Amino acid sequence: MKIDNLIITNFRGIERSEIINAGDTIIIAGQNGSGKSCVFDAIRLLKSVYGGYHQNEWQNWFGEFQLNPNSHSNELKSFFNNPSKALSINCLFRLREDEKVFINNNAAMLLEESIWRTVLPEAFQWGGYRMAMFANQFRDRAPEVAERVRIGLPLLLGELQQDNIIGHVEMQPGGGLNLIQSTLLTTVFTNFRPNDLGVIDYHGAQRHYGREMVQGINLNLENKNQSYSQHALYNYSNKYANVKSEMASSYVRELLSEKSGNDHAKKSGLTETLKELFTTFFPGKEFLGPQPTSDGRLEFPVRTANGNIHDLDELSAGEKEILYGYLRIRSSAPKNSIILLDEPELHLNPRLIRNLPEFYRRHLGQALNNQLWLVTHSDALLREAVGKPGFNVFHMFPCGMDGGKGQLRQLSANEDLDLAMADLVGDLAAYRPDGTAILFEGGGDSDFDQSIAIRLFPNELSGINLLSGNNKTKVEALHDVLNRAYSKGDLPIKFFAITDGDSEANDPPRGIRRFSWDVYHIENYLLEARFVAEAVNAIQPERRLDDEEALDLMRASARTVVAKVLRAKMTTYVNSKLTRCIDFKIDPAAEEVARLISGAATRSLDRMQKTFTDELNEDSLITKQDEWRSDIESAFGDGSWRRILPGREILKTFVSQQRLPIPYETLRNLIVSRMVDSGFQPEGMKRVIMEIVGESSSPKIH
Numbered sequence: 000m001k002i003d004n005l006i007i008t009n010f011r012g013i014e015r016s017e018i019i020n021a022g023d024t025i026i027i028a029g030q031n032g033s034g035k036s037c038v039f040d041a042i043r044l045l046k047s048v049y050g051g052y053h054q055n056e057w058q059n060w061f062g063e064f065q066l067n068p069n070s071h072s073n074e075l076k077s078f079f080n081n082p083s084k085a086l087s088i089n090c091l092f093r094l095r096e097d098e099k100v101f102i103n104n105n106a107a108m109l110l111e112e113s114i115w116r117t118v119l120p121e122a123f124q125w126g127g128y129r130m131a132m133f134a135n136q137f138r139d140r141a142p143e144v145a146e147r148v149r150i151g152l153p154l155l156l157g158e159l160q161q162d163n164i165i166g167h168v169e170m171q172p173g174g175g176l177n178l179i180q181s182t183l184l185t186t187v188f189t190n191f192r193p194n195d196l197g198v199i200d201y202h203g204a205q206r207h208y209g210r211e212m213v214q215g216i217n218l219n220l221e222n223k224n225q226s227y228s229q230h231a232l233y234n235y236s237n238k239y240a241n242v243k244s245e246m247a248s249s250y251v252r253e254l255l256s257e258k259s260g261n262d263h264a265k266k267s268g269l270t271e272t273l274k275e276l277f278t279t280f281f282p283g284k285e286f287l288g289p290q291p292t293s294d295g296r297l298e299f300p301v302r303t304a305n306g307n308i309h310d311l312d313e314l315s316a317g318e319k320e321i322l323y324g325y326l327r328i329r330s331s332a333p334k335n336s337i338i339l340l341d342e343p344e345l346h347l348n349p350r351l352i353r354n355l356p357e358f359y360r361r362h363l364g365q366a367l368n369n370q371l372w373l374v375t376h377s378d379a380l381l382r383e384a385v386g387k388p389g390f391n392v393f394h395m396f397p398c399g400m401d402g403g404k405g406q407l408r409q410l411s412a413n414e415d416l417d418l419a420m421a422d423l424v425g426d427l428a429a430y431r432p433d434g435t436a437i438l439f440e441g442g443g444d445s446d447f448d449q450s451i452a453i454r455l456f457p458n459e460l461s462g463i464n465l466l467s468g469n470n471k472t473k474v475e476a477l478h479d480v481l482n483r484a485y486s487k488g489d490l491p492i493k494f495f496a497i498t499d500g501d502s503e504a505n506d507p508p509r510g511i512r513r514f515s516w517d518v519y520h521i522e523n524y525l526l527e528a529r530f531v532a533e534a535v536n537a538i539q540p541e542r543r544l545d546d547e548e549a550l551d552l553m554r555a556s557a558r559t560v561v562a563k564v565l566r567a568k569m570t571t572y573v574n575s576k577l578t579r580c581i582d583f584k585i586d587p588a589a590e591e592v593a594r595l596i597s598g599a600a601t602r603s604l605d606r607m608q609k610t611f612t613d614e615l616n617e618d619s620l621i622t623k624q625d626e627w628r629s630d631i632e633s634a635f636g637d638g639s640w641r642r643i644l645p646g647r648e649i650l651k652t653f654v655s656q657q658r659l660p661i662p663y664e665t666l667r668n669l670i671v672s673r674m675v676d677s678g679f680q681p682e683g684m685k686r687v688i689m690e691i692v693g694e695s696s697s698p699k700i701h
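Just so it is clear: in the sequence shown, position 432 is 431 by numbering that gives the first Met the number 0, and no numbers are missing.
Hints listed in this document are in silico derivations from the structure and should not be mistaken for laboratory results. Be aware that a few hints might be false.
[To be verified] Computed cross-link-like contacts, DSS-like style, restricted to lysine-lysine with a CA-CA straight-line distance of at most 25 Å:
| hint | residue 1 | residue 2 |
| --- | --- | --- |
| 1 | Lys576 | Lys609 |
| 2 | Lys623 | Lys609 |
| 3 | Lys84 | Lys404 |
| 4 | Lys623 | Lys576 |
| 5 | Lys258 | Lys274 |
| 6 | Lys274 | Lys284 |
| 7 | Lys99 | Lys334 |
| 8 | Lys1 | Lys334 |
| 9 | Lys334 | Lys387 |
| 10 | Lys563 | Lys576 |
| 11 | Lys1 | Lys84 |
| 12 | Lys609 | Lys568 |
| 13 | Lys568 | Lys651 |
| 14 | Lys623 | Lys568 |
Since the model is a prediction, treat every value here as computed from it, not as a measurement.
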């Protein structure tokens, strides 16, 4: 069983989300509060309305939200994104071929059991309906059940011939629940037979793995299935108990199967898979498999890199998350199932997440014919999945930020642009496909440029991908992709770049609109006396610095950096003059390369000598220096020094001269925090950002 299409409308945090032609491994990523887990809640509600693995299962769904399904309609408002509209869940299911064969061969029996479960549900709390204590009830209701089987069997067999089964649930604001009748769905969702029919198995984000002593081994599969059915979708807090006991039970059953002559049991058994799991995730450790002891017990030893032996219980929480989590999923949904796993990265550091999606896909999905649904905001997990075959990765927008296109947007991993963009955003869960992108190309710490922009302009930049230019290799790769996309006439994302005022960057790639701050560095916007004084007073309350004093101290620091500014300007000026003199162009068809290059070098040296004599002699450079110094002095007179001198160097010098007990970066962040608290937005920054926001709302380039 698998889900082909899923459309959810007006349900909790979802205004509208749809997944069409879902594959066998679906990953949904997005920021907190975007409604990712609501997708699982919707699937569970639809399933439980059609049929339950145990009595009153659909009421358990309401119980998770501490509501009674018969509550007043006002109490059900939390289920609606818009309380004035109906919510709907549409799902297109597809049965696997072996499931269809099993249902076709056992249709009457399965339908009869599903009807008995609705007619006499209390009997199934004890594991079946052939119970002496319910004999009278079964005898009295048997004719009614037989008639319902006679009517329903042709409907079930007719649905079985179709490629897909439609599930549709609609809830009105008043609380009324409507659904499209499906005898086949009701039968499949009522019979918990995990070895014959796929199940829907949910693993919530609250998982705890405690220590366990194996005291008894139960080989009764019916009892095990009865236990699993109780927490397949709900009551999952106890889902992760008795994992070692079940592993011991599986081990004994494998031994019995092997003794009966089934060689395949050992090769494909649980122990062999667990050994591969250790090789993949815990390369320094080796699982030795269940080991019988002389006193009749079973141990589960793990050998560490130094040869020591310890029990599975001694594994860390993250290691248990991978090991026990895999064991529980494998045993509760053995094949043809839909597995819903919320935050599979729980308890894991990025190293342990490596290879997790592929391992799950191969051993829980592909090998067992299961469909996996993963909800995550782990950047490390997404990087392992995006771009690999077999994964459908979707980004989920928060409600109201989807531009009317639906909250789920597939990350087209085959597109170079998506991959390059997501790589630069740094957090794949926060990446917004089809959105505007701003690349901060300023010198120094571009991550800070990105940080200060989003902190001071959170509303204006909401929904825009912000990219740091710190990683020059990644930026060059993005430029290359942009040029190719522009050449093809298909650039689905609007790109902008912002540089520092002192930047002498090369021409941007086609498709990028470049802006510059109207100051030397972005840090120049922090040279506001009021906020500098507040930051210093927060560090050294005894100083009680006022705005005028702060301005005077910053001005003194600025005068200190003038010599450094002049040196940098002079170096750039001379370098530019000399570089322009060099020209090694020769006839590309010429064969006398050495002679021609030598001539070009001689001419370049002559030009350099002439430039040095005319423009770069000491007197000329002194004149140029005095010109620059005069401009800077004028800036101190009219206050524009805070714009034309390097703010980054001024703040660093300020920290040193004032002997502040913090590094420059901390002072910088304190100033930004004070600006955020007061709602201050530097005028120069605001002008650039608002122009970009205005352009980003216009039609995209095609």
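Here's how the hints hold up against the structure:
Our distance criterion of 25 Å between C-alpha atoms is met by Lys576 and Lys609, whose separation comes to about 11 Å. Under the criterion of a C-alpha separation no larger than 25 Å, the hint pairing Lys623 with Lys609 is consistent with the structure, at around 18 Å. A threshold of 25 Å between alpha carbons decides the hint, and for Lys84 with Lys404 the separation of about 19 Å falls inside it, so the pair holds. As the CA atoms of Lys623 and Lys576 are separated by approximately 13 Å, the hinted pair is consistent with the 25 Å bound.
Between Lys258 and Lys274 the alpha-carbon distance is near 22 Å, which keeps this suggested pair within the 25 Å criterion. With a C-alpha separation of about 10 Å, the suggested pairing of Lys274 with Lys284 holds against the 25 Å cut-off. Between the alpha carbons of Lys99 and Lys334 the distance comes to roughly 14 Å, so the proposed pair stays at or under 25 Å and holds. For the hint linking Lys1 to Lys334, the alpha-carbon distance of about 11 Å falls within 25 Å, and the restraint holds.
Distance hint between Lys334 and Lys387 is fulfilled; the C-alpha atoms sit about 23 Å from each other, no more than 25 Å. Annotation: proposed proximity of Lys563 to Lys576 holds, straight-line Cα distance about 20 Å (limit 25 Å). Restraint check: the Cα-Cα separation between Lys1 and Lys84 comes to about 29 Å, which exceeds 25 Å; the hinted pair is violated. Under the criterion of a C-alpha separation no larger than 25 Å, the hint pairing Lys609 with Lys568 is consistent with the structure, at around 21 Å.
Taking the CA atoms of Lys568 and Lys651, the gap is near 19 Å; set against the 25 Å cutoff, the hint holds. Restraint check for Lys623 and Lys568: the C-alpha separation of about 10 Å stays at or below 25 Å, so the hint holds.
When held up to the earlier numbered hints, the structure conflicts with hint 11 and nothing else.
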